[in-house]
Every structure is written in structure tokens, then in C-alpha cells.
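Going down the list, the protein sequences come from chains P and X.
Residue numbers for the first sequence, in our numbering: 10 to 348.
Residue numbers for the second sequence, in our numbering: 10 to 348.
For the record, the hints were derived by calculation from the structure and aren't laboratory data.
Errors might be hidden in some of the hints.
Each pair may be met inside one copy or between any two copies, as identical chains are not told apart.
Stated by the list, open to error - Capping the alpha-carbon separation at 20 angstroms, the derived lysine to aspartate or glutamate pairs in DMTMM-like fashion look like this:
| id | residue 1 | residue 2 |
| --- | --- | --- |
| 1 | K30 | E246 |
| 2 | K30 | E256 |
| 3 | K61 | D44 |
| 4 | K30 | D247 |
| 5 | K61 | E161 |
| 6 | K130 | D60 |
| 7 | K130 | D44 |
Protein chains: 2
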Amino acid sequence: MNESADEHIILAHGGGGELTKQLLSERILPKLGNDLLNPLTDGAILGVSTDKICMTTDAYVVQPLEFPGGDIGCLAVCGTVNDLAVMGTRPVALSLALVIEEGLSFAVLDRIVNSIAAAAKEANVLIATGDTKVIERRKGDGLTITTAGIGELADGPALDAARIRAGDAVMITGRIAEHGLAVMSAREHLSFETELLSDVAPLHELIQGMIASGADIKFLRDPTRGGLAGVLADLAEDSGLSIEVDEATIPISPVAHHTAEMLGLDPLTVANEGKCVAVMPGDDAEKVLDACRRHPLGEHAAIIGHFTEATPPLVELVTRAGGRRMVTRPYGEELPRIC
Amino acid sequence: MNESADEHIILAHGGGGELTKQLLSERILPKLGNDLLNPLTDGAILGVSTDKICMTTDAYVVQPLEFPGGDIGCLAVCGTVNDLAVMGTRPVALSLALVIEEGLSFAVLDRIVNSIAAAAKEANVLIATGDTKVIERRKGDGLTITTAGIGELADGPALDAARIRAGDAVMITGRIAEHGLAVMSAREHLSFETELLSDVAPLHELIQGMIASGADIKFLRDPTRGGLAGVLADLAEDSGLSIEVDEATIPISPVAHHTAEMLGLDPLTVANEGKCVAVMPGDDAEKVLDACRRHPLGEHAAIIGHFTEATPPLVELVTRAGGRRMVTRPYGEELPRIC
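Chain P with its partners taken away, still in its complex shape:
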């Protein structure tokens, strides 16, 4: 590997001196810069127009850094934008902390910074402040990114799982498992990998449309790590109610279905990065479904189940074959480093 400082990140790029300034001014600010970020002060002063804000953070450690349909850069932006959106807030600003491994090529870094810039533009958020560190060369990691986000609380229904009642409907805004399967396919070098793309996308507009439908939405969550199964298990636990899910109604593409079988994975437990689970009264479900389908990211939205009084509170899947099985939160080993 060529060790030239001209082509690769070296430790000194993280030292806080002249080389750090160069890295920022030549490779980061031209793409991500704005009036808040450019002065490189210790923080950014933001105006806010409400007295309630949302704060969120996520660390991204996905391997490989670039995968079919996205990379760690757009993932770090969309993941945090989506966390703000499912909290019922309008994304305003993100912070961006890069921990780069010595030896990362500038070509890869440049592509990822471009991807961050494009995703931030699509999500209409500023990168307000950031930090860059460099750690010694080791095997194969390259880059971890931590974003934090600030959103302004929007007018809308009170999102609180405690408001859920028997009869409420469970919806998912699109086809499941595509992010995790795309990353795993790339990692396993599966030959059909190009057919399956990560669903990584910013959901703020889709969710604003769902809220604007006037439905009494009680809960929103993006099913990332732990997948749909993890969110459903949390919902049963937090609401104290059971959920009956109809497997045949869960949207999944044929290629995702096939890939999950090849990899021996339950698609219900696989991470999504451009989907949202929503709960609303059964009577409001069609209204939300219509709002979803008017947005490109919601065209495959579907009502997949409903809450019941059955005790103890569990998630029960009615399978395509007509059988029943419990859905539980995955234990944790299935898919490391997927986001």
C-alpha cells in the first residue's frame, strides 16, 4: 500500500495542528461547509423556533463502508434524520464526528463525504459542527461515524406507546430487511448482490405526510437493529398488549426473501434504514396508508397486524401456511456491524 500522505490519511491528520486544518479546509468544508460549520469554532449557535427540541445520536460502524445502495456516510445522515422524524420532530441540524483509521484512502473518504453532503441536502439539514480524529492503522475498519441531531417538535399527535389500545393497527411503510441483507450480501460476496440495494433514505417527508393526514398516530419507530421483530417486541412490552401479525401482509421483495433464505436469516430480525413502523386506531389506518402511498418511499406500505387484549402480552405471527409462531426480540448475534 502506498503510504504517501498525498493519498492516504495519516495519524497527523488527527493531531489538531496544521495537517488537521488542511484536511478540513481541502476535503470537508468545500462539500459540507455552511455559515455554522465554516468558522471551525468549538460549537455552532443555532436559532430555534420552538421551546421543545429533540436530541438524538447514533454511532455507525457498518462493514463494508460502501455497500449496494449506500455507504456509511448517507447511513449516518439518514439514520439520525429518521430518529428525529419518528420522534415527531422536524430535523434541523446534525453534528458529525469522524474517527478515521490511518491508511484510509482519500478516494474513499471523498466519496463518503460526498454522500454525506448529498444526504444532508436531501434531508434539508445542516451539518452544524463536527470533529475529526485519526487512530492507528489496524485491520480493515477504516471509519466510524457518530452523528447527533437536533429537531424541532412539530405540531402533531402525542407519540406515546402507552396510548395504544386493543384494535389499533400496525403499519410498515415499505418492504423489509433490505438494508441488512444488502450489507450482508456485500460482506459475503454473494453473486446476486447487485440486485438487492439498501433502503437507506431520509423519512422526514414521508412521516410529515403521515402526520398531516390527521390520523391519531400513537407510535412511530424506524426498525433498524433488531428489525421489525425488535420493534414489535418493544411495542408489546411497552403497551402491555399483544400483537397479531399476518405474515402474508408483510411487504418483502422476492430477492430479499430469497437472500434471507440463502443467508439463513429471519427477515423480521434484519435491519431497515428507510422504513417506519406506525400505530394508529384501526379506523385511521386507511387514511395513513393513503398518505404513505402518495410518497415514493411509501408505495409498498401495508397494514400488517393489530393489537389484542390477549395475555400475557406477546407478538404472534400468523404464517402464510396458517400456523402461528411467537416473534421475539433477537438475542443479538444475528447481524453485527450492520449500521
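Got chain P sorted already, so can you dock chain X onto it with the hints?
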């Protein structure tokens, strides 16, 4: 090494499933929990009492994780609190993202989480939201932490280096170079390491006292990576003025001076984590100095130089021997992974 899941972090702790829930509920929430963090939602809704907030972030990659006078946990809290304070804001809430290496012992994790809790209490900030990821075992890293912070803009002078004029005074709130030298001593196993402690501390109270003095403070910055030299070089660049610094007035302890010589380091370029550089009109300098000295973290505060019209804008050090040398921003290789 014992591989038992009972004593060490394993990959599955980062999978977002049952084991992640256990890690959070047994080891994190009992120490850091509060009404915002406990629900483990995708973000925290905060009330803010001003229409101007500050957002900041820092990634911490220090090695070793524990060093004389502190550890990566209190460093991650204090560093972000200090960034909020030098922006003239009151720290309100932090986010906390942990990227843990598989194999980290629970004993070390527990100590660091305790240290985070103690520092957050001292700084009077909530850990409002967080994320935990686990990456595969490799050599010796253990843990990186990224904090982001929200502060509320306080009443006070406009902090802007463009307001600096010739005759303005440069102050530092205490003895320099102690954080970086303590970390380097621990790394190099120097025998006198126990004498030298990191200065890591939250500066919000000290800075609020300086602002409350009524002085027209024009600039505040905590000299972390790049040290005092880095801040002075930035100040000359941003103000367009020169700075004359009197070496004999720069506070440094005998043990720090000696350690820097042993390690072949210029203490001006070494990181601090509990100090602040301030600029104010020469006539206001004594007022700020008095305010500093009334706080335990400011007892060694000193006026170390002043701005001049000399061109081109440079930082000139008048040495103890009466000579003169330029102070420049370090290039970047001196002290990797110090914070």
C-alpha cells in the same frame, strides 16, 4: 483472556437485541439514567428556555483509556461541557455514543460509566440520549466515545475574534500541558507518572464567573489538541493582529516542565482539558483575573501577553532568556490520540 460473556463485552451486546437491552438496563441506566434516557426511545425531547442554542460534538479516542487524573469517560463529558462553555452557553444536555471493542472487560466499562456519571453530575448536565455499538476484537483499543452537547446561549458579551484590537490582553486560566503530559507519561510508563495528573475538569462555572465579572470578554477557547500554541496561532490568523507572549508569565508546574523536557515536547503544543484562553481589553484584564482566582480551577490564572499591530500577524514568544521566537501551530504529529 477469559471469554465469558459474564465478564467481557461480546459482539452480540451491540446487535440491538436482548443482550443490548440487558447491557443498557444492568450497566448503563442504573448509573446514567434519568427521565429522558430511561425510555430508550430514538431521541429525547428537551425543553429549552431560549431561542438560541449551541450544538457541539467531540470524538474521544484517548489511549490509555484510564490515565493519571481521569479516564475517557470524564474526558468525554468535560470536553463537550467545556466546548459549550467557551461558546458562551450554559450546558444543558449531552448525547453519549459508545463504540466498544469486543473483549472489553465489564470492570473497565463500569469504572468508565461511573466516571461519566460523576462528571455529568459535577457539570450539571443530563445524558439525554445515547447509542452503543460493539466492534470485533482487535488490538488494544477498547472504547471510543463520542459526545454531543446542547447549551443555552447565556447573556454576556459577544464572543468574536473579529472584535479583538491591539492592546487587548491574553489570559490563560491555569497551568498548561498537564493533560497531554499525563497521558503521554502513562503511555511511556514514565516512573514519575503519578506526580502529574490530567487537568480534565468542567469549566462552566469558572467561565460563568469570568463573564459575570462584567469584563468585555471577546474570545474564549479551551486549548485542547494543538495546545496553547494552536489557539494563539488561530487567534493571530482570525484577528489579523500579532500577539506578543511573555514566556515567564505562562503558568506551568515544575513537574510538567520537567516531564515535557524528558519527552522532548514543547509544552505550548500539548493538550489541556481544564484550561481556557480568554481575550479582553487590557483595562479589563485584572477584573477577569480576580474572577478566575476566586474559583478553584482558576487559582493559577495569568495574563500571558497582548495583541499588537505588528505585521504580518504572528505570535512571538519573548523567552525567559530575553530572546524571541515564533510560535506556530503544531504540524500534527506530536501527540496522537491524546483526547
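Outcome of the hint check:
1. K30 x E246: between (49 angstroms within a copy, 13 angstroms between copies)
2. K30 x E256: neither (54 angstroms within a copy, 26 angstroms between copies)
3. K61 x D44: Answer is between: at 15 angstroms across copies they meet the 20 angstroms cutoff, but 24 angstroms inside does not.
4. K30 x D247: This pair counts as between: shortest inter-copy Cα distance 14 angstroms, intra-copy 48 angstroms.
5. K61 x E161: Intra 6 angstroms, inter 13 angstroms, cutoff 20 angstroms: intra and inter.
6. K130 x D60: Classified as neither; 25 angstroms inside a copy, 24 angstroms across copies.
7. K130 x D44: Within one copy only: 15 angstroms inside, 33 angstroms across.
The structure shown violates the earlier hints numbered 2, 6.
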